[in-house]
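Participant: If you read the protein sequences in the order shown, they are chains A and B.
According to our numbering, the first sequence holds residues 2 to 105 in order.
According to our numbering, the second sequence holds residues 672 to 904 in order.
Simulated from the structure, these hints should not be mistaken for lab results.
A few of these clues could be false.
[Unchecked claim] Only part of the chain B face toward chain A is listed, based on derived beta-carbon distances under 7 Å:
| # | residue |
| --- | --- |
| 1 | V721 |
| 2 | A722 |
| 3 | P772 |
| 4 | G785 |
| 5 | L813 |
| 6 | L844 |
| 7 | P863 |
| 8 | A883 |
C-beta atoms are modelled at their ideal positions from N, C-alpha and C, and glycine is treated no differently.
One-letter residues, chain by chain:
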Amino acid sequence: MSEVWVTVIVLTVATAVIKGAGPVLVGGRTLPRPAMAVIALLAPGLLAALVVVQTLGAPEGGAFELDARIAGVAAAAVAVSMRAGLLPAVALAAIVTATVRALA
Amino acid sequence: MRAVSLQGSNQEDRRERFRTGLRTGIPYAAAGLLVGISFGVLAQPVMGNVAPIVMSALMFAGAAQFAATAVLAAGGGAAAAIAAATLLNLRFGPMGVALAPSLRGGRLSRAFTGQAMIDFSWAAASRGGGRFDARFMVGATLPSYPAWVGGTAIGIFAGDLIGDPAKLGLDALFPAFFLCLLVEGELRPGMPAVVAAVGAAVALALIPFTPAGVPVIAASAAALVGLRRSGDE
């Protein structure tokens, strides 16, 4: 079997196992309050990290890659903080990124 | 009688939450379609016409698919591609644990609901206090599935027309989307804002030193400050 298909098949199984692990092992149980307090704070930390990594990181990891994405995401930040709504803000990010890239 | 009517309204409520999720998921699916197209364009020369579509249909995990493709394109081989993509997917471990207390039903149904986790729908389904609306999450994920798989197919077969997806700025769509989710939903004053700032700082510090995926997993540890504060509430 080719490298490509090995990759696809193994990753399909691995992804399903990772996504299913928490729900199967901890599902339906009431967790103690400290655990719930940690869970409640997971989303802001994770989202902030995703924004940072996907805006400033190289796609292959291990390095910064500072490019036009920064301008695009910054424009979206301004738009959403001015209550522009989600879709206009996200569309603006792509437009600004494409424009800055074309000019650079 | 009372029990029956309660159950009826409960079911209606669940359907309503599912539908609200569906509506919420449509804008993200639009972005997902475009990013799916750019995945198809990038993956076709590396993986051919069929494998990327199968990958999108079975794996359904954007960032990990890009990572695996990048490693294969660089000649890294299957083991390295699997390692890179799995590191990126590991965040679904803690996310699944977070979701788990909000899930009802047997093991199989819970495992199935877990498959519907994507960053967007998981974060949008967070209801504070550690609770998640699982029905809403499944609804919010649903539009993204055909968009992602269909986008991949479009990218593969229309790649020549599209050219370089970077020219269209599509790589800014997902980070912009996550930023909007953060600002509109999760950046409440107090601990959430502090955790977001710490998470961002941890990710920033680790980017140059760790493989892709590690900065995000490490940043999620910022939520552990909840342990110190849980007694105060």
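Participant: Please write out, lowest number first, the hints stated earlier that are contradicted by the structure.
Facilitator: Hint check: 1, 5 fail, others pass.
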